[in-house]
Amino acid sequence: MSTSQFIYVTYIRTTPQKLWDALTNPEFQKQYWFGMHQESEWKAGSPWKLLFSDGRVADAGEVLESDPPRRLVLSWQNQFKPELTAEGHARCVYDIEADGDVVRLTITHSIDREGAKLIEAVSGGWPRILSSLKSLLETGTPIPSSHQGAGA
Amino acid sequence: MSKAETQFVYVTYIVATRDAVWQALTDPEVTKRYWIHANISDWKPGSVWEHQRIDGSGAADVVGHVIENVPEERLVFSWAAPGEQTDPAKVSRVRFDLAEHKPGVVRLTVTHYDLEPGSGMERGISEGWPQVLSNLKTLLETGTAATLW
Numbered sequence: 001m002s003t004s005q006f007i008y009v010t011y012i013r014t015t016p017q018k019l020w021d022a023l024t025n026p027e028f029q030k031q032y033w034f035g036m037h038q039e040s041e042w043k044a045g046s047p048w049k050l051l052f053s054d055g056r057v058a059d060a061g062e063v064l065e066s067d068p069p070r071r072l073v074l075s076w077q078n079q080f081k082p083e084l085t086a087e088g089h090a091r092c093v094y095d096i097e098a099d100g101d102v103v104r105l106t107i108t109h110s111i112d113r114e115g116a117k118l119i120e121a122v123s124g125g126w127p128r129i130l131s132s133l134k135s136l137l138e139t140g141t142p143i144p145s146s147h148q149g150a151g152a
Numbered sequence: 153m154s155k156a157e158t159q160f161v162y163v164t165y166i167v168a169t170r171d172a173v174w175q176a177l178t179d180p181e182v183t184k185r186y187w188i189h190a191n192i193s194d195w196k197p198g199s200v201w202e203h204q205r206i207d208g209s210g211a212a213d214v215v216g217h218v219i220e221n222v223p224e225e226r227l228v229f230s231w232a233a234p235g236e237q238t239d240p241a242k243v244s245r246v247r248f249d250l251a252e253h254k255p256g257v258v259r260l261t262v263t264h265y266d267l268e269p270g271s272g273m274e275r276g277i278s279e280g281w282p283q284v285l286s287n288l289k290t291l292l293e294t295g296t297a298a299t300l301w
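Same order as they appear, the protein sequences are chains A and B. Take the first sequence: its position 40, counting from 1, is numbered 40 in the working numbering, and each next residue is one higher. Take the second sequence: its position 86, counting from 1, is numbered 238 in the working numbering, and each next residue is one higher.
Hint data in this document are derived by calculation from the structure and do not stem from the laboratory. Since we're looking at a predicted model, the values are computed, not measured. All C-beta atoms in this analysis are idealised placements derived from N, C-alpha and C, irrespective of residue type, glycine included. Be aware that one or more of the hints could be misleading.
With a straight-line cut-off of 25 angstroms between C-alpha atoms, the simulated DMTMM-like cross-links for lysine to aspartate or glutamate are [said to hold, decoys possible]: (1) B:LYS254 to A:ASP101; (2) B:LYS254 to B:ASP171; (3) B:LYS155 to B:GLU252; (4) A:LYS117 to B:GLU157; (5) B:LYS184 to A:GLU138; (6) B:LYS184 to B:ASP213; (7) A:LYS18 to B:GLU279; (8) B:LYS184 to B:GLU236; (9) B:LYS184 to A:ASP101; (10) B:LYS254 to A:GLU138; (11) A:LYS49 to A:GLU39; (12) B:LYS155 to B:ASP213; (13) B:LYS184 to B:ASP207; (14) B:LYS184 to A:GLU39; (15) B:LYS155 to A:GLU120; (16) B:LYS254 to A:ASP54; (17) A:LYS18 to B:GLU220; (18) B:LYS184 to B:ASP194; (19) A:LYS30 to B:GLU293; (20) A:LYS30 to B:GLU252.
Examples of chain A residues toward chain B, derived with CB under 8 angstroms [unchecked claim]: (21) VAL9; (22) THR10; (23) ARG13; (24) GLN17; (25) TRP42; (26) LYS43; (27) SER46; (28) ARG56; (29) GLU114; (30) THR139; (31) GLY140; (32) ILE143; (33) PRO144.
One chain only, chain A, in its complex shape (with noise of 0.2 angstroms):
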């Protein structure tokens, strides 16, 4: 079947259950994910979204897989461009690992569709998210975001 991924790693200088939080802690999320959050009780089978400031939802699925702080994996569908929307659920996956004094992340978006236009916006918003992310966690501020709800 055809796939369409992105797959981005990163270390961070941190812990796995501190980039646990920062990954799952929704006042933490708002600092470095465009002024977004997520709502979910990040355990196996719970429903999760992706609310932008006013509240709107941006995207939702559920938890497919949670292991705290190594593994977490959510279904991704798009709630907010139709043309995204009737693509149907991508599938996110968070893996952590610690690498000496840094941690590695991997996040791995993919969908069983080829072209698909939610990899395309994702492949744009993540190094913006997961840079924001690492400068929170290393140095205390995130990078300045100007946007609201880039994400896809």
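Please arrange chain B on chain A, whose structure you already have, making use of the hints.
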């Protein structure tokens, strides 16, 4: 997939000036700190560049030629393992594009292209660039680099 179609792209946003990012790519004293190699060249188009070990041997692990140099904006060079630089099938190319994302924030895009599909070089650089560029960002933002090797 053909050689012309095989590439690795990595984008990172760094809280720094374009001048600082440019210097970090071209000044061996800075490359030593996050890349554990000295990048040696005068960076003029046509000039040789070498990615030299800093263990005192001066041995190069990567060699190539400078293809394009637009200071603080774009740097392009060829990339090959020593001894393979005369084999066109083994020579790839690296392009750095620097853009001001907003004042004080640089978007750095690294495009490593013309890679031999399925080669050890393709696998190696796909693992290596995220480490090198993560460490570069840490060095410029915190003043110290992580120990990744």
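Checked hints:
1. For the hint pairing B:LYS254 with A:ASP101, the CA-to-CA distance comes to about 31 angstroms; that exceeds 25 angstroms, so the pair is violated.
2. Using a Cα cut-off of 25 angstroms, the hinted pair B:LYS254 and B:ASP171 holds, with the two alpha carbons roughly 14 angstroms apart.
3. A threshold of 25 angstroms between alpha carbons decides the hint, and for B:LYS155 with B:GLU252 the separation of about 31 angstroms lies outside it, so the pair is violated.
4. Simply put, A:LYS117 and B:GLU157 have alpha-carbon atoms about 20 angstroms apart, close enough for the 25 angstroms limit, and the pair holds.
5. Under the criterion of a C-alpha separation no larger than 25 angstroms, the hint pairing B:LYS184 with A:GLU138 is consistent with the structure, at around 21 angstroms.
6. Using a Cα cut-off of 25 angstroms, the hinted pair B:LYS184 and B:ASP213 holds, with the two alpha carbons roughly 14 angstroms apart.
7. Proposed proximity of A:LYS18 and B:GLU279 is supported: the alpha carbons are some 24 angstroms apart, at most 25 angstroms.
8. Proposed proximity of B:LYS184 and B:GLU236 is supported: the alpha carbons are some 24 angstroms apart, at most 25 angstroms.
9. Distance restraint check for B:LYS184 and A:ASP101: the Cα-Cα separation of roughly 19 angstroms lies within the 25 angstroms cut-off, and the hinted pair is therefore satisfied.
10. Simply put, B:LYS254 and A:GLU138 have alpha-carbon atoms about 20 angstroms apart, close enough for the 25 angstroms limit, and the pair holds.
11. Between A:LYS49 and A:GLU39 the CA atoms are separated by roughly 5 angstroms; this keeps the pair inside 25 angstroms, and the hint holds.
12. The straight-line distance between the Cα atoms of B:LYS155 and B:ASP213 is roughly 22 angstroms, inside the 25 angstroms bound, and the hint therefore holds.
13. Taking the CA atoms of B:LYS184 and B:ASP207, the gap is near 11 angstroms; set against the 25 angstroms cutoff, the hint holds.
14. Only pairs whose Cα atoms come within 25 angstroms are accepted, and B:LYS184 paired with A:GLU39 is rejected, the gap being roughly 43 angstroms.
15. The straight-line distance between the Cα atoms of B:LYS155 and A:GLU120 is roughly 23 angstroms, inside the 25 angstroms bound, and the hint therefore holds.
16. A distance of roughly 24 angstroms separates the Cα atoms of B:LYS254 and A:ASP54; the hinted pair therefore holds under the 25 angstroms criterion.
17. The straight-line distance between the Cα atoms of A:LYS18 and B:GLU220 is roughly 42 angstroms, outside the 25 angstroms bound, and the hint therefore fails.
18. For the suggested pair B:LYS184 and B:ASP194, the alpha carbons sit about 16 angstroms apart, so the restraint of at most 25 angstroms is met.
19. With a C-alpha separation of about 21 angstroms, the suggested pair A:LYS30 and B:GLU293 falls inside the 25 angstroms cut-off, and the hint holds.
20. A hinted pair counts as satisfied when its Cα atoms are at most 25 angstroms apart, and A:LYS30 with B:GLU252 qualifies at roughly 23 angstroms.
21. The closest approach between the C-beta of A:VAL9 and any C-beta of chain B is roughly 4 angstroms, which is under the 8 angstroms cut-off, so the hint is satisfied.
22. Below 8 angstroms, beta-carbon pairs count as interface contacts, and A:THR10 has one with chain B at about 5 angstroms; its hint therefore holds.
23. Interface restraint check for A:ARG13: the shortest CB-CB distance to chain B comes to about 5 angstroms, inside 8 angstroms, so the restraint holds.
24. With 8 angstroms as the threshold, the beta carbon of A:GLN17 stays out of range of chain B, its nearest partner Cβ sitting at about 18 angstroms, so the hint is violated.
25. Restraint check, A:TRP42 versus chain B: the minimum CB separation of about 25 angstroms is more than 8 angstroms; hint violated.
26. Annotation: interface hint on A:LYS43 violated; nearest CB of chain B at approximately 30 angstroms, more than 8 angstroms.
27. Given hint, A:SER46 at the interface with chain B, is violated; its Cβ is 30 angstroms from that chain's nearest Cβ, farther than 8 angstroms.
28. For the restraint placing A:ARG56 at the interface with chain B, the shortest Cβ-Cβ distance is roughly 25 angstroms, beyond the 8 angstroms limit, so the hint is violated.
29. Below 8 angstroms, beta-carbon pairs count as interface contacts, and A:GLU114 has none with chain B, the closest being about 14 angstroms; its hint is therefore violated.
30. The beta carbon of A:THR139 is positioned within 8 angstroms of a beta carbon in chain B (closest approach about 5 angstroms), and the interface hint is therefore held.
31. Among the interface hints, the one on A:GLY140 is violated; its C-beta lies about 10 angstroms from the nearest C-beta in chain B, farther than the 8 angstroms criterion.
32. Here the hint on A:ILE143 is kept, as its CB sits about 6 angstroms from the closest CB of chain B, short of 8 angstroms.
33. Taken as an interface hint, A:PRO144 checks out: its beta carbon lies about 7 angstroms from the nearest beta carbon of chain B, inside 8 angstroms.
Violation of the numbered hints given earlier is confined to hints 1, 3, 14, 17, 24, 25, 26, 27, 28, 29, 31; the remaining hints are satisfied by the structure.
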